[in-house]
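Dock chains B, C and D against the given chain A, drawing on the hints supplied.
Residue numbers (this note's numbering), protein chains in the order written: chain A, 22 to 310; chain B, 5 to 340; chain C, 53 to 323; chain D, 2 to 508.
No wet-lab data here; the hints were simulated from the structure. A few of these clues could be false.
[Claimed, not checked] The list that follows gives simulated cross-link-like pairs (lysine-lysine, DSS-like), each with its CA atoms no further than 30 Å apart: (1) B/Lys231 / A/Lys35; (2) A/Lys36 / B/Lys231; (3) B/Lys231 / A/Lys69; (4) C/Lys98 / A/Lys277.
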Amino acid sequence: MSFLSIRNLSVRLKKGPPLLRRVSLEVAAGEVRGLVGESGAGKSMIGKAVLGILPPAVEVSGGEILLDGVDLLRLPLAERRRRVGASCALIPQDPLTALNPSHRIGPQITDRLVDILGWTRADAEARARALLAEVQIPDPERVMRSYPHELSGGMRQRVLIASAFAAEPKLIVADEPTTALDVTVQKQILKLIKGMQERHGTALLFVTHDLGVVSKVCQRLSVLYAGMVAEDSAVADFFAAPRHAYSAALLAATPKYTDPAAGLNPVPDAVIEAVRAEVAAFDAGAARG
Amino acid sequence: MAILRVLLLRLLTTAITLAGVAVIVFFVIRVVPGNPIAMMLPPGATEEDIARLSALYGLDQPLATQFGIWVTGVIQGDFGTSITTRQPVLDLVLGRLPATLELSIMALVMAVALGGIAAITGTRFRGTRTEGTIDVANGMALSVPDFLWGLVLILLFGVLLPVFHISGRVTPSLDLPFTTEFYLFESLFRLRFDLWADIVAHMFMPALALAIPLAAIIGQLLKQSLKETMNLDYVTLARTKGYGETRVILREALRNAALPTLTLVGVQFTFLIGGTVIIERLFSYEGLGNMAIDAVINRDLPLIQGIVLLFALIFTVVNLLVDLLYAVLNPRLRHA
Amino acid sequence: MRGLRVADLYTIENLRLSLGDMTAKPLFGAAPRIEILKGLNFTIPKGAVVGIVGGSGSGKSTLGRALVRLLKPSGGAIRFDGADITHLDEAALRPMRRRFQMIFQDPMSSLNPRHRVGTIIAEPLRLHGFDGVEARVKRALDHVGLPQSFATRYPHELSGGQRQRVGIARAIALEPDFILADEIVSGLDVSSQAQVLNLLERLVAELGLTLAFISHDLSVIRRLCQRTIVLYQGLIVEDRPTAELFAAPQADYTRELLEAIPLPDPGQAWG
Amino acid sequence: MNLNRRSLLKLSAATMAAGTIGLPTFAQQIDELVIAYNVNLPSWDPTVGPSAVNPTIQGIYQSVFDQYILQQPDLSPAPGLLTEWGWNDDRTQVWMTVREGVTWHDGSPFTAEDVAWNLARVAKPETGSPIQFVWGTLANHRVEGNKVIADVAQFDPTIFKWMYFLTGYVLPKAYYEKVGAEGFEAAPIGTGPYMVEKFERNAFVRLKANANYWGGKPDFDTVTIKFVPDSAARVAEVESGNSHVTLEMPYEEYDRLKGGSLAGVAAPISDIGMIFLNDIEVMTDPNVRKAAAHAIDKQAIIDRLLSGYGVKIDTLQTPEYDAYDASVSVPYDEAKAIELLAASGYGPDNPVKFKIQTTKGFKPKDYEMVQAIVGLWRKVGIEAEIEVYEIAKHYELRAADQLAPAAFYNWGNSVGDPTTSTGFAMFGPSPHSVWDGEDLIGMIGPLWGEADEAKRIEGWKAVDKYIAENALVIPLLQYVQPILHAPGVVVTPHASGSLLPHLMKRA
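Chain A on its own, in the form it takes in the complex (with noise of 0.2 Å):
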């Protein structure tokens, strides 16, 4: 059994229109699964839902969110901020404001074992110190004791990274963790990331706008438009042959150096009046079910 199943899920803007519409999707333990889709097609909500961090105008509406078996959304509010803190956790988008300025990082790394997983501060610290080192952070110690605004971007996301994996999760949601770094910079995280993930055997949800990511991290993929799963393929099989129109419109707009003759072709009108088609009609049979 997966270790995230996501049955059915829908979200919504609090008396306003749908984000997410009955999404499915699974996340096997140790798998790597690509949220993929434009902008508001609702990727990273998926992600906020599991982790209980919508926006506080947003709200589930609908559908179970069963993580190891148990739906969270039927549990108490501190009972799955518990269960969630003790076994996911996030890596965010931009490394310059997910670290609290006024704070040293060794306490930002070793805080959820302290307070929520009872660790004696020293075991946390050696821990922190370890993952530190794991993420390629050279003199982990001196880290440890500076303020983000210490160090650079990539060490910032490295920081967050072994935060991410400092209490051994069973679940990682990666919400574009590497949008805001220099091309360099994002090979060398994503392949950390991929690399920290395979060996401690972590399920890793990835949300992400570049198929190019996906193609290297993702073993599945999720694509995403208007709230709606288009397609829920192996990566092999999506980049061999897409099988919806919309995510292959997706990968045929999406530029590739090697062939400049390729690529930078707009979504065809046809094809996002057939999504958008879809969509109406799932609405409508939602209005009447």
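Then chains B, C and D, alone, in the frame of chain A:
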């Protein structure tokens, strides 16, 4: 390095500011109508009496000469002698300064506590009726000036439900073993909690009256700042770690949200110290402000000069402290 | 290339630019200068589309701002259409400003949210004394493929791609000789990105524009630009026709950049 | 930071807790009398500096120090430290018999030497007595047994009245010479009914009864005088039981509280409200002055603005003063005012215009009174423009003879002598007067040195009558001082306005 630079620069500007204040206050209070001699002339005095008394207090000298004498004295630590109290100005103002400082600090502590609690509660329950209630209370606190709060408090806790003292700083019948004028601190230091309780019962209302408007400002600003901070990535990240909402506010957001509030609180704190003048009068609290009003009424020129200079010094020192505190709290500045 | 010098719109010689480091400012005196651009030499021929690429901190955005004289160089020379604009003051620059326009990365922050699209495009036209402003606004909207009805909309009512088109319309309405596009597609979805790039390509051809295109994305550069300048830590490490550069990158840094790009292809060797 | 935050929270929690502990005490039986006083006491020396001539703090001075001559609550003199006094026949010497058996608060004996030293001290210009112009009229002070003799340098018929007026206090010679001015400020002693036990500037003074007081030990052993300048706070003080006695509050508050748990006395005091007229501009026209005087309905103003607490006056003398003449009357007469103005060509359609200055809040309802007067004037054809000034500015303008044509002011005269009311207020050459008419100077001039007391008083009465007939000043009212007190204490008001603890008794 950054802090040292700020400190040096500020010491320099403080000196310049104080010199400017000294010049301005000296000449302004001699230009406005009313002079100390007119204030002490009884019926029947003649022109000769005016001249005689003016000469006695040195007021017959040209302004520039008077200023020269005063400045020379000030540089040597002699701020002159008060006309009404016939005591050295420096002794008088230094004797009253601790009372005002204690009152201001108590008010600041209360304002920070009240404003902080309001902001944190409002943030914790944002979007609910609790936040609305806090906003309304904040608005009310802000729209009423401190001395009116003083009157309201006197009626509430002085008359209707008499739990606090209305006037003074300490019950006159108590024997005070103090060697300093810092009663509040010294009573704690000497473990005389009976005296401390009496002093607090005297300070409570004036301090609260001063604190309420500032608490409202702190509450409003800090809440706004907290709410913005609560949307930042590191706060979201902390939530995923399993922390509860209150813990997230206190641990992750508060310190960062407090920084922008801090500078403003510094400015407002100087207003609060200014507010002690009228509040001390209302509560007959024996501080600088109460003395300042008497000094102005009696046109006690040397005393007015001394008090204004001291207030100016307090203002600049407070601003300096706020800047330093800002630097200490903000790691970015500290390491720059 | 030497023979074509007369046709160069921009000639950049030994361009240096340094900025004060306020974090290290001493008690008295000026802040120490940090050198951002360390002596650049290149030309931009009329009608060319030049890509400027580099990582963060390479100085590419600083270079762009120097070209349109939003920043003042600390050394070297910038010649624009034969005129030395290196040290011109603001008053002297004002009549020239129309001729080099800039499109920004974040269209939302560069468009006044209180003004309608029509006003946003018309305002600089009026400022520079154009006649027939309304007709020009309509033409500009046509050029960027937006319906004329968009003139009455506000920026927040538009999608990211549409906003970026408004930014382009505003720039081309002034009939400039040169447009600097700074990371204008990096915030867009691939589909909108493709649309905007196609639009730029068409406009360059139709209007005979000279375009400098700053980006960190080599895939985009390759599609659009005839020539590519690679910046690394304030220096030009490679300046060659795009096709040659991609076929056989010469600088280590260029190679590293190319190899780091994840192609949408699971089969790519990406190690 | 954590430590700070925690300690801040702790401190504020402790503050809350302390609020409930530090309850004020509410004594049913008054052991310690607490008085909420309306002004601060700046200085303990009652003979020099501005405090010495501030009428409002004389009550505190009189608790600690004795005056040469005792003044009784009705303003009349009685034997005090001096038991007898007078001039020799040709008025070239004064003599004073000093009471025997009186001791200073430190136990040392009070002697004639003390009296002579005091009189000589304030007569010297370098001492800085504001009343030196009075004390300087005596010279060559000397002691003969228990008598003090002094030569009259310049005859002043009021010299003995000053001995129970401003600066007329007796300080201890030996002690003062020992401790000096600063030492005396720190620990003042006198011969008065109370001794200073503790003084906290701007806060309170704690007094202990003088068991050896020559006039008998006062009723209350301990009296604390709290300085509470704000009237709302003073009212709260007595209402809450924190203080037993207070004075000077709005009359509405007085009326509200005196019927309930508190008692009250409201007696007329030697302080009047008046309008100075300056002989400039239209005020040189007698018709305008008289019309202005007749147009004011003083009783209505007292009733409406002061809740009836005030006594209408038509001269600068109140009924308690020596030169009071009930026959002089300037009645409210609107028709007469209109008639007078018409004679000078003014009327409601062509009003006479001038400026009137007033303080705002210095005396109860001062500004409101002037507003009401301006309203009454408007009805008869006087258009007065109000200018508000500070009391300090009033003094300065008056000393420079630059007051507006009309200026509201109050005049205290606790000695009750006409020289210190009409005399200084209306005698042209005095810096206090703004009326410079030669005829009045001629009338007043001889009275300064008049040795025949009956003739002197009659002379002043004639002056007051002349002033009233020609409307050279507009007297308005005599103020009434409201005093609130707990039922457990009986307060005897003093017509001088001084609130004297030793006159208070247990009920």
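Hint-by-hint comparison with the structure:
no.: 1; hint: B/Lys231 / A/Lys35; result: holds, 19 Å
no.: 2; hint: A/Lys36 / B/Lys231; result: holds, 22 Å
no.: 3; hint: B/Lys231 / A/Lys69; result: holds, 19 Å
no.: 4; hint: C/Lys98 / A/Lys277; result: holds, 28 Å
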